[in-house]
Amino acid sequence: MVVAMPEPDLAVLARRDRIVKALSAIVPGEGVIASEAAMRPYETDGLTAYRALPMVVVLPSTTDQVSRILAYCHGEGIKVVPRGAGTSLSGGALPLTDGVLLGMAKFNRIREIDYDNRVVVAEPGVTNLAVTQAVEHKGFYYAPDPSSQIACTIGGNVAENSGGVHCLKYGMTSNNVLGCEMVLMTGEVVRLGGKHIEAGGYDLLGIINGSEGLLGVVTEVTVRILRKPEMARAALIGFETSEDAGECVSKIIGAGIVPGGMEMMDKPAIHAVEEFVHAGYPLDVEALLIVELDGPQAEVDHLVGRVEAIAQDCRAVSCRVSATEQERLLFWAGRKAAFPAVGRISPDYFCMDGTIPRAKLPLVLSRMRELSERYRLRVANVFHAGDGNLHPLILYDANKGDELERAEAFGADILRLCVEVGGVLTGEHGVGVEKRDLMPAMFSEADLAQQQRLKCAFDDKGLLNPGKVFPTLHRCAELGRMHVHAGKVAFPDIPRF
Amino acid sequence: MTDTLQPRTAKDVEDAVQWALARGAALELVGRGTKRAIGRPAQSDLTLDLSGLAGVILYEPEELVLSAQAGTPLDEIEALLAERDQHLAFEPIDYGPLLAGAASCGTIGGVLAANLCGPRRIAAGAARDHFLGFEAVSGRGETFKSGGRVVKNVTGYDVSKLIAGSWGTLAALTTVTIKTLPRPQTQATVVVCGLDDASAVRGMAAAMATSCDVSGAAHLPAAVAPRIGLGKATGGSLTVLRVEGVAPSVDHRKAALSLAMKAFGTAELYDEEVSRSLWRAIRDVMPFAAAHVSARPVWRIVTAPSRGAKLAAMIAAAAEAEVIYDWAGGLVWMMLTPSDDAGAAVVRRAVGACGGQAMLIRAPAATRAALDVFSPLQPGLASLTRRVKQGFDPNGVLNPGRMWAGV
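So the sequence lines, in the order shown, correspond to chains A and B.
Heads up: the first sequence is residues 1 to 497, going by my numbering.
Heads up: the second sequence is residues 1 to 407, going by my numbering.
Not one of these hints is a red herring.
With a Cα cut of at most 16 Å, we get these calculated EDC-like pairs of lysine to aspartate or glutamate:
#: 1; chain 1: A; residue 1: LYS251; chain 2: B; residue 2: ASP85
#: 2; chain 1: A; residue 1: LYS336; chain 2: A; residue 2: GLU274
#: 3; chain 1: A; residue 1: LYS360; chain 2: B; residue 2: GLU60
#: 4; chain 1: A; residue 1: LYS251; chain 2: B; residue 2: GLU60
#: 5; chain 1: A; residue 1: LYS360; chain 2: B; residue 2: GLU62
#: 6; chain 1: B; residue 1: LYS310; chain 2: A; residue 2: ASP116
#: 7; chain 1: B; residue 1: LYS145; chain 2: A; residue 2: GLU445
#: 8; chain 1: B; residue 1: LYS145; chain 2: A; residue 2: ASP447
#: 9; chain 1: A; residue 1: LYS251; chain 2: B; residue 2: GLU62
Over the 12 Å line for every Cβ pair with chain A, so calculated as not near, a few chain B residues:
#: 10; residue: ARG36
#: 11; residue: ALA54
#: 12; residue: ALA223
#: 13; residue: GLY229
Everything labelled a hint here was simulated from the structure, so no lab data went into it.
Computed from a predicted model, the values in this text were never measured in an experiment.
From the three backbone atoms N, C-alpha and C, an ideal C-beta is built for every residue, glycine too.
Extracted from the complex, chain A is given alone in its bound form:
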């Protein structure tokens, strides 16, 4: 493990037996896992390069249990790491060796489906896809669709503010969550929002989404569901250069079209995918776009025609529009299998997640090629082109010499590059431990201190998921200190009336 985590608290570890006993009293039966072999599956998440065995795993099944566990840990000064399905790509659920791993998998029921208000009330361990599956027989669906949607949970989606290929048009998780029940580190249960569209007061729901398990443990989520569009068609458009593809994306949006999805792949990604899925992708192009239009047939046909014309204008060398639903799904099958396809051609890979202003794409791709040569590692790119969210996949073999270290350094350089061109470190995967130490590339000390003061409002002892997101841990008392220069501040220059 390369990343440094907070120093384990030896005093807590010394009390391990007592802690396990206390937790077993709260969650009886098989809800507490303390043997090394049984805890092994929890040692990592979707970022498998980092592993740590937790002190103990607890699997509560009621809000009351979560509340009592957190209250106990708060009183005893024990760290807690919440976990959904463990699909985080940034190490958000990486355990702490002196911490309780709070697994939310038993919260797996959909509590209510309310078609009149078009909402679903679900426990946090319900998978993303299960929400859609529960309502699709009535023609509804839940819009955010991260690639891991078969496995990832709604609670995890809230923690990471997950996106997906449709979020340019339909928004991220935070745009689709109306309410939640949440337990604070003290054990206190609070409710935010509900079935009404605007919660009122400070938008705490807005910061819980994307808080990476640092502010509270979500025990219930209310999401809005949408009626499925009448139909969708996808166009598969090939280009000789990524510049042409980028120009096409800009022109589509410039023409006032917001596609349901707009994805780009570079040549290495196209080849890896085509060998794996046989989706019929052209192999002689440098960049491939999938543009999906959804809505009533009249709208889709009209917009497909306009997209085709724009693609021609941008020197597309091939353009296929799906004629059937089966063909549309095949186009997507390739893109959706991009990660496993790359997994086939390399023992290990890192999936990066920067966002850039789209116009900078050609520059970023060419700089990435230089970096690829310098680090002697291959890279394949998939790209949520509509919103500028780039997923470079860095190919490495952890068993070969220093390839892991080189891959990490390569990844860090890519993310610094994203920030340098006006972008950000992460578009949808979260900071976690993976990008934690890069935060100063984007934020000043004052910026980070202000974010941590927000953390203090929720978790004054810093016990919930410490070591994630923020590169340096500060005590809340220290962050709260004010430096008022009483009497020293002159006020000469500002006009006053």
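Position chain B against the provided structure of chain A, taking the given hints into account.
Only chain B this time, still in chain A's reference frame:
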């Protein structure tokens, strides 16, 4: 009359807050002051006028992004976007008419600080959903930033959402970055006449459950419909449903929606021009804006859409009231007769029974000073709210008491 500070730069704002901190003074933050009559009256020693921080910094239509100084007039931004066939999809309400002020006067900072939105809230969200990043000065007198200038970003807490709707109680915005979107090419409105409130709410739910992408669903009962400004006799209630997009799509959807509404009544159509002015009037709650009713309190109540009609009926049973429904029943605007508590007891009781939250938008300053303007918070949430405020503004320099006493 309190003194007014007029900073010209972000550094001036930082100096002003530090100066206020050193003096133990409280600041009232204003842009162009259009929403000063909303919330609890200012308990401040000085006014910090941010309208001098004006000007668009960056607008890249193809990246769907615009950055501006916080005091930039909203109408300047809207005009700039219109040149490129874009708009602010969250359709911010203009409170001018309702508050008996001038129309089209606000700043982008004010729009965000109040988290404004409009009828399109049900399809496109509120200001919070389009607020990408900012620079601001906290009540600690420190300049900080959050977010970025790209439309997809989860780097750190999404503090933009917290700042949206915090009414200047956490930080003074200096620069803001927002998402812009293509403006729908055209629109039309499907109208069903004569429905009672409960049937209208059911009809709107049915419309929202179609794949017609309804971007506005409002109900104007018979008492208010004539004041919506359509310039024709309506003779009953109006239930109105908006569809927007490219022409072939709007044509298809208005027909499909009319068909779907058959079960509720005969549907008529308003063409683009009528539709545009109708939804502007609904956005700005024009039936409650007329000068002769300006003394009557107005409440903005948000509830689960299916409970809208029941909630309004509970209030109307206890007080003389007029109502306008937006958001398919989820937003209930109510105008009551003047009383000591502006109807708060009645409204709070109904909201307690039906769920949701209510805010007193229009009432005399003395009334707003004496009662909760924003929904009272549950004890746990109230202390969490105070701790959040403490983290940004420990000495209570910025708009103290604007939302709740002590925040």
